[in-house]
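**Q** Full structure from sequences and hints, please.
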Amino acid sequence: MTLLDPFNEPGPVFVHPVVGLPDSGAWQNVRGQFGLPTRFAFANPGLSSSVEYHISLLTSFAVTSEGENEDASKDESIFAASGQALGQTMSLAPFSDFCRLREVANLAGSNEITADRIFASCSMLVPTSNGARKERAAPYLVTNGQGNYLWLINQLHHEAFPFIVGQAIAEATGLPAVLAKPTKAHVWSGLQAFAMAYDNTSVNQRLPFAKGQLIDITVYDVRSQPISEQKGIPYSGSVQAELNKHSLMVVQPAR
Amino acid sequence: MVYSRFSLRAGKSVLILISLMTLLDLVSCGGDDDEEDFDEDEPVASAPTQNPAVQHPTLLNPPRLRPTQPQRQFRPWHPEGPLNHLQTLPLSPQQMETSIAASPRPGITTDILERIAAHLKPDDARPIVNIILDRFRVPSEGGFSADEYFEHVSISIVGNVGDALKAAGYRTILTNDSPWEGGKSDLTHILTPGGNEDTEEEVGMGRFTGLTLKTSVPSL
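If you're matching them up, the sequences are chains A and B in order. Counting from 1, position 12 in the first sequence corresponds to residue 11 in numbering that gives the first Met the number 0; the numbering is continuous, with no gaps. Counting from 1, position 97 in the second sequence corresponds to residue 96 in numbering that gives the first Met the number 0; the numbering is continuous, with no gaps.
Think of the hints as simulated: they come from the structure by calculation, not from any bench. Given the structure is predicted, the values throughout are model-derived calculations rather than measurements. Careful, some of the hints might be misleading.
As the list claims (entries may be wrong) - Lysine to any residue pairs mimicking SDA-like chemistry, simulated, CA-CA at most 20 Å apart:
1) B:Lys120 to A:Ala209
2) B:Lys183 to A:Gly10
3) B:Lys120 to A:Glu228
4) B:Lys120 to A:Leu206
5) A:Lys180 to A:Ser81
6) B:Lys120 to A:Arg254
7) B:Lys183 to B:Arg125
8) A:Lys230 to B:Glu113
9) B:Lys120 to A:Pro252
10) B:Lys120 to A:Gln83
11) B:Lys120 to A:Ile216
12) A:Lys210 to A:Gln239
**A** Rendered as structure tokens:
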């Protein structure tokens, strides 16, 4: 557990299981550190017809009564299209236009984790015994209160995931979050910052410039043509812009 | 056995698909939530997440440009020509060549290189985040080896994680199974297969996997 020991690893540590959170072996230590029960109470009736195989795992892909993968046409996201987390509305269901997506999460009940250990929560679409799905509030990211975080889901929409990660880093480091709001853009932050929009969106970045430092902001359209160029403007504490789909914004110190 | 089979298939399917997504992320940083409006001619650029096994030397010691350096004159790029004029750009020539060549739109090379050349990379000392890919470990009869897992390098998830951390202002360094030993990292993100909870009939997949980092925790 060295990496989860604040004396050995002072920086924030994120633990991110891809196909679920086990309850065996040293995983119990991990669960314990994050204030999770030794096992989640929820038993997903959609995993098979046999009760003994029901665990807290939620998946976007359906399985047969024998526990085999169902046809891809029966896939269904475990997330609503959008929801509110950390006080902001954002897209939740991951998007893929080239293959069907696989989502995995462990559903923890609201009474299984104390509120101070839940960093971010929102909703999940949870199978019920009659085959329907019901929206339930669920923790997405939990904390041990010492700057370490554990994901209970494997992926989220690109708008939600970077925002939640950024907010967690801000909490752990005590520094303002770079992304002030969720954005539908690929963002690289630093003294030279980029935001490439994959949809019409707004961007609000807090960048490592001193207030008043002169910066250049250039926006290109999808054809790489500059459509906006502001040179030598004083940095005010954040850079905000409205970007059209497929446009690119570059921010850097004044040239 | 039923659940075990399901769990392994589930894990394998997830890993295959997320590796495909990772691959896309590595060759294109453009996403698109609207399939109908997708423009296959849109410019693409490489994401610099690195595997240390093939790590480019400039990753850890990125070239630095003097902010006062005069604007360089753009020269047309040729696939077989010298790429010296690109050596101080944020993306390596190899990354750019692959990425730019992926687009079928005529003239995109010129457009992108002109766009990039218009921006000099300033001194940048961003903090470092170490993304650790904790490899998949299952008994051989499980049908999914560590090498396969690594081949399917886990992640749309890696793309999403890398993007999130770069959005937060970090430089990413990707390592396998163990923490980065090349310096101090300011943040650590461990991507582990994890697995399932045990059932009454079968042990969960995670009994054999996860958090087996050499310098962090003993094997599960």
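**Q** Each of the hints needs a verdict: does it hold here or not?
**A** We went through each hint and held it up to the structure:
1. B:Lys120 to A:Ala209: 18 Å, holds
2. B:Lys183 to A:Gly10: Roughly 10 Å between the alpha carbons, so the hint for lysine 183 of chain B and glycine 10 of chain A holds.
3. B:Lys120 to A:Glu228: Distance of about 17 Å is within 20 Å: holds.
4. B:Lys120 to A:Leu206: 15 Å, holds
5. A:Lys180 to A:Ser81: With a Cα-Cα distance of about 15 Å, the restraint between lysine 180 of chain A and serine 81 of chain A holds, given a limit of 20 Å.
6. B:Lys120 to A:Arg254: With a Cα-Cα distance of about 11 Å, the restraint between lysine 120 of chain B and arginine 254 of chain A holds, given a limit of 20 Å.
7. B:Lys183 to B:Arg125: 12 Å, holds
8. A:Lys230 to B:Glu113: With a Cα-Cα distance of about 18 Å, the restraint between lysine 230 of chain A and glutamate 113 of chain B holds, given a limit of 20 Å.
9. B:Lys120 to A:Pro252: Cα-Cα ~10 Å, so holds.
10. B:Lys120 to A:Gln83: 37 Å, violated
11. B:Lys120 to A:Ile216: 14 Å, holds
12. A:Lys210 to A:Gln239: OK: lysine 210 of chain A and glutamine 239 of chain A at ~15 Å, within 20 Å.
Against the hints set out earlier in the document, a violation occurs for number 10 only.
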